[in-house]
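*Asks:* Using the sequences and the hints, build the whole thing.
Respectively, the protein sequence lines represent chains Y and P.
Going by full-length UniProt numbering, the first sequence opens with residue 1, and the numbers climb by one from there.
Going by full-length UniProt numbering, the second sequence opens with residue 1, and the numbers climb by one from there.
Derived from the structure by calculation, the hints contain no laboratory data.
If you're wondering where the values come from, they're calculated on a predicted model, not measured in any experiment.
Glycine is no exception: its CB is placed at the ideal position from the N, C-alpha and C atoms.
Wrong hints could be hidden among the right ones.
Unchecked claim - Covered by chain P, per the in silico footprint, the following chain Y stretches (three or more residues, Cβ under 8 angstroms):
| # | stretch |
| --- | --- |
| 1 | 3-11 |
| 2 | 40-49 |
| 3 | 66-74 |
| 4 | 123-135 |
| 5 | 235-244 |
| 6 | 261-275 |
Unchecked claim - Taking lysine-lysine pairs in the BS3-like style, the calculated list, with each CA pair at most 25 angstroms apart, reads:
| # | chain 1 | residue 1 | chain 2 | residue 2 |
| --- | --- | --- | --- | --- |
| 7 | P | K385 | P | K298 |
| 8 | Y | K385 | Y | K24 |
| 9 | P | K385 | P | K28 |
| 10 | Y | K24 | P | K92 |
| 11 | Y | K298 | Y | K385 |
| 12 | P | K24 | Y | K92 |
| 13 | P | K282 | P | K50 |
| 14 | Y | K385 | Y | K28 |
| 15 | P | K282 | P | K92 |
| 16 | Y | K90 | Y | K282 |
| 17 | Y | K50 | P | K50 |
| 18 | P | K90 | P | K282 |
| 19 | Y | K282 | P | K50 |
| 20 | Y | K282 | Y | K92 |
| 21 | Y | K50 | P | K282 |
Said to hold, decoys possible - Derived CB-CB ranges, DEER-like:
| # | chain 1 | residue 1 | chain 2 | residue 2 | range |
| --- | --- | --- | --- | --- | --- |
| 22 | Y | D287 | P | K282 | 36 to 44 angstroms |
| 23 | Y | V25 | P | R55 | 30 to 38 angstroms |
| 24 | P | E253 | Y | V25 | 18 to 26 angstroms |
There are 2 protein chains.
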Amino acid sequence: MSTIWTQARRAARMNPSIIREILKVTEKPGVLSMAGGLPSADTFPVDAIKAACDRVLTATPREALQYASSEGYAPLREWVAGRVASLGMKVKPEQVLITSGSQQGLDLVGKILCDAGAPVAVETPTYLGALQAFTPFEPLFASLASDEEGPRPEAIATLPHDAPGTRFAYLLPNYQNPTGRVMGAPRRVEVVEALRKANVPFVEDNPYGDLWFDEPPPAALSSLWPEGSLYLGSFSKVLTPGFRLGYVIAPPELYPKLLQAKQAADLHTPGFNQRVVHEVVKDGFLDSHVPTIRSLYKANRDAMAEALQAHLPRGCEWQLPQGGMFFWVRLPAGLDAMALLPRAVDAGIAYVPGAAFYAHQPDPRTLRLSFVTLTPDLIREGVEKLGRLLHEALEPVAEHAP
Amino acid sequence: MSTIWTQARRAARMNPSIIREILKVTEKPGVLSMAGGLPSADTFPVDAIKAACDRVLTATPREALQYASSEGYAPLREWVAGRVASLGMKVKPEQVLITSGSQQGLDLVGKILCDAGAPVAVETPTYLGALQAFTPFEPLFASLASDEEGPRPEAIATLPHDAPGTRFAYLLPNYQNPTGRVMGAPRRVEVVEALRKANVPFVEDNPYGDLWFDEPPPAALSSLWPEGSLYLGSFSKVLTPGFRLGYVIAPPELYPKLLQAKQAADLHTPGFNQRVVHEVVKDGFLDSHVPTIRSLYKANRDAMAEALQAHLPRGCEWQLPQGGMFFWVRLPAGLDAMALLPRAVDAGIAYVPGAAFYAHQPDPRTLRLSFVTLTPDLIREGVEKLGRLLHEALEPVAEHAP
Chain Y
1 MSTIWTQARR AARMNPSIIR EILKVTEKPG VLSMAGGLPS ADTFPVDAIK AACDRVLTAT
61 PREALQYASS EGYAPLREWV AGRVASLGMK VKPEQVLITS GSQQGLDLVG KILCDAGAPV
121 AVETPTYLGA LQAFTPFEPL FASLASDEEG PRPEAIATLP HDAPGTRFAY LLPNYQNPTG
181 RVMGAPRRVE VVEALRKANV PFVEDNPYGD LWFDEPPPAA LSSLWPEGSL YLGSFSKVLT
241 PGFRLGYVIA PPELYPKLLQ AKQAADLHTP GFNQRVVHEV VKDGFLDSHV PTIRSLYKAN
301 RDAMAEALQA HLPRGCEWQL PQGGMFFWVR LPAGLDAMAL LPRAVDAGIA YVPGAAFYAH
361 QPDPRTLRLS FVTLTPDLIR EGVEKLGRLL HEALEPVAEH AP
Chain P
1 MSTIWTQARR AARMNPSIIR EILKVTEKPG VLSMAGGLPS ADTFPVDAIK AACDRVLTAT
61 PREALQYASS EGYAPLREWV AGRVASLGMK VKPEQVLITS GSQQGLDLVG KILCDAGAPV
121 AVETPTYLGA LQAFTPFEPL FASLASDEEG PRPEAIATLP HDAPGTRFAY LLPNYQNPTG
181 RVMGAPRRVE VVEALRKANV PFVEDNPYGD LWFDEPPPAA LSSLWPEGSL YLGSFSKVLT
241 PGFRLGYVIA PPELYPKLLQ AKQAADLHTP GFNQRVVHEV VKDGFLDSHV PTIRSLYKAN
301 RDAMAEALQA HLPRGCEWQL PQGGMFFWVR LPAGLDAMAL LPRAVDAGIA YVPGAAFYAH
361 QPDPRTLRLS FVTLTPDLIR EGVEKLGRLL HEALEPVAEH AP
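*Replies:* Right, dumping it as C-alpha cells:
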C-alpha cells in the first residue's frame, strides 16, 4: 500500500496483458514463436511508404507537422468512406473518426458507452484487447454462447435488456482473433435480427476482413443495421501496424460524443501518419498490395494445416481458417495449454493459451497458433515439435524409454 | 433521446473543446488569429525530419513498421531520462513511458488516479485540455487560489485530505497555459513542502519549459519530491506537434498501472514516429534548434508587449511572460471577453476568452493571446485592432462620430 498515491477503483481491475507477458517469456532466441499476433514484416510496403513520406514532407511539411483536427485528415476520411462501400456500408466521410489504431477505437467506445455494472455482450471466446480496453470502464461482461460461426442468435435473445440494459454486443465476424472463424451470410442476418429485437446495438470490429483466402467474407454486419452499429477498421494488417492508424465509423447521433472522447484522449492522431498513409493508398495501391498478403498468408495457412494434420495427436480439434492469421486448436481432454507452455518454450516453440480470450469460464484445452510470423518450413518444424510435446504429454513417460 | 444507444454516465460530463469550437469560428480568411495554441510552423525542422525518416526506413524498416512495445522505444526512453537530468531530476529509463502526445499522459493519469467524487486540485486558471482529460473520470475539481507565480501554498494546506482525499494536484510551473506565468524557485519549495505536509502528490505538466527567453526556469517540482510526482513532457513545442509524441515519468510504484492503461488505450505509440524523433534528437540537435525557437518567440513576445502597451486602454492588466507562447490579459471592469469575441472576429481578430480555463467561477474579463502564430507586423496590426475594439467597447458609441 502506498502512503502517497491512491489509485482509482478501476485501476484494480486492470491487469497486464497476458499475451504481452507471454510474449516476453517466449522471446528467447531460438524459440519458434507461433504466439504473436504480428503481421509478417515481409508484407510492409517499405518503398511505397518511404516515397510517401518524402512526398508529404516536400509538398505539405507545415501542415503535416502541425497540430491537426481531432476528426482526422479529411481526404483519408473520404477514402475510408469509399472503401467500406465494398462491404455494403453506406457511409458519409463525416461519420469517420480516425483513431490511433483500432485499439483506441475500443477505448473510446468503452469510454462513451460503458458504465460500472452495465452489461456488454462478448463472443466466447473474444479478442483479449477488447476485454482490456473495456475493463477499466467496469462493464459486466455477458459471454454469448458461440459456435464455429460465432455467437448463436438464441443466446442474444436472452441478454439482459432492462436497465441497466446491455450497452452493446462486441462482434468480430471476419476471421476472428483468436478462433479464426467467420460468420456466414445467413448467420449475420439472424444475429443482427436478434440484436434488433433485443434492442441491443453492436460494435463490429474488422481488422482481418481483407485477409480472405478464397472468397471475400459476406457484407458487414453494419450494413444490416447502420444506426445500431459502430464499425472499427484498421490499416495495421493491410499496410503497417507501426503507424498506428485505425478508424471508427459511427452513426451521426454518437459521433459528437466519440469525437469529444478522442479530443480528451490525445487531441488527434498524428497528421503526418495520416497523410503518408493516404498518399500510399489513395490511388488504389491496396488493390494490388493486399492480394500479395493474401497469397503469402494462404500458403502459410496451408503449411500449418498440413503440419497439424501430420503431427498433432488424435483428439486435437481445429477448423481450417478461411482468412486472417490464426488457427485455434482444442487439445484432447486432460491437457491444459497454459500448464504446458513452459515445456513448449523449453522445447523451442511458443503459442498463446486460449484461456486469456474468455470473459468467463476459460476452456483450458484451447490454444492459438499464428501462421503468419514464421515461414512454411519453420511452421512445419514448429508444429512437429508441438505434436511431439503433445504426444509426450498424453502418454506415460515410461513408454518413451528406448 | 436515442431509442438504441445508452451512453455512459461520464459521457454526459464531456463537452466539446470550447477552444476548438472557437478556433472553427475564427478560422475565417483574413482573421488575424491570436487564439490558437499552435507553435510556429517556421520552427519545424523539416529537413532534419525528412532525413531521419529516410534513415529509419533504410536502416530498420521492419522494426519501425511493426508493432512495438507499450513502454516505448528504448533508446528514446534513455534519451528522455538523460534530458530531464538538466531539470534536476534523477530518472531511470524504466520510469519513462512514451505517450501519444502529453495529452494522452493526462488521459492515462486520470484513468488510473481519478474516481467519481474524489478531489483533484488545479490551478486558477489551468490548462483546459487537462480539465477535459480528467473530466470523464468524474473527479471533483478543487481550484487552488493562485497569484502571478501559480498556486498559493496556503491554499494547498486547506485541501481535503480525508477520504476520499485529494488524488493529486495538477501543476504547470513553467510559462503556464493560459497565463504564461512561471513559478519562482522559493515558491516551488513552498508549494512542494505544503503538498508533502498535506500528503497530496502532484502531476507536473511541462510542455513549455524549454521555451524560456532570458534564463531557464528553476529546477522541476518533481526534483523536489520524486516519489510524490508524475512528470509530463512533450516534443510538440520543441520539434513538431504533428508526430504526437510525449512522455510520462512515473515513480516505480505507479509505472506498471500506467503501462497497463497505455496498453488498453492504444497498445503503443507509433514506433516509426519514436524512431524518427530519436534519430533527430539523439546527437544534440535540440541544443542548437531550441535556441532558434526561443529567439523567434522572444522577438514576437517583445512585439506584442510593445503593441499592448501602445494600444490597450487604461485598466487592462497583463504580465510580461518570461517564456512560452501566451499573454494573459485582464480587461477593465465591465468588459466580458466572451461577449466581445464576435465583434472581435468581425473586426478581423481572434483570441481565446479566459473563461474556458477555470474549473470554477471563471473571470469573464480575461483573455489569452498567442504571440507565436503571427509575425511581429501582424501582431502589431492585430493588437492595434484589439485596442480599438476595447476602446470602443469602453466608450459611448456617440463619441466615435467624426
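*Asks:* All hints, please: hold or fail.
*Replies:* So, going through the hints one by one against the coordinates:
1. 3-11: holds (count 9)
2. 40-49: holds (count 4)
3. 66-74: holds (count 4)
4. 123-135: As far as the stretch 123-135 of chain Y goes, the hint holds, because 4 residues have Cβ atoms under 8 angstroms from chain P.
5. 235-244: Contact hint for the stretch 235-244 of chain Y vs chain P: holds, 6 residues under 8 angstroms.
6. 261-275: holds (count 12)
7. P/K385 / P/K298: Measuring from Cα to Cα gives roughly 22 angstroms; hence the hint holds.
8. Y/K385 / Y/K24: The hint holds at about 20 angstroms.
9. P/K385 / P/K28: holds (16 angstroms)
10. Y/K24 / P/K92: holds (21 angstroms)
11. Y/K298 / Y/K385: Between Y/K298 and Y/K385 the Cα gap is close to 22 angstroms, so the pair holds against 25 angstroms.
12. P/K24 / Y/K92: holds (21 angstroms)
13. P/K282 / P/K50: holds (15 angstroms)
14. Y/K385 / Y/K28: holds (16 angstroms)
15. P/K282 / P/K92: Holds, at about 17 angstroms.
16. Y/K90 / Y/K282: holds (19 angstroms)
17. Y/K50 / P/K50: holds (10 angstroms)
18. P/K90 / P/K282: Satisfied, since the Cα-Cα distance of roughly 19 angstroms is no more than 25 angstroms.
19. Y/K282 / P/K50: Holds, at roughly 21 angstroms.
20. Y/K282 / Y/K92: holds (17 angstroms)
21. Y/K50 / P/K282: holds (21 angstroms)
22. Y/D287 / P/K282: 36 to 44 angstroms: 39 angstroms Cβ-Cβ, so the 36 to 44 angstroms window holds.
23. Y/V25 / P/R55: 30 to 38 angstroms: Given a distance of about 33 angstroms, which is inside 30 to 38 angstroms, the answer is holds.
24. P/E253 / Y/V25: 18 to 26 angstroms: holds (24 angstroms)
When each numbered hint is compared with the structure, no violation occurs for any of them.
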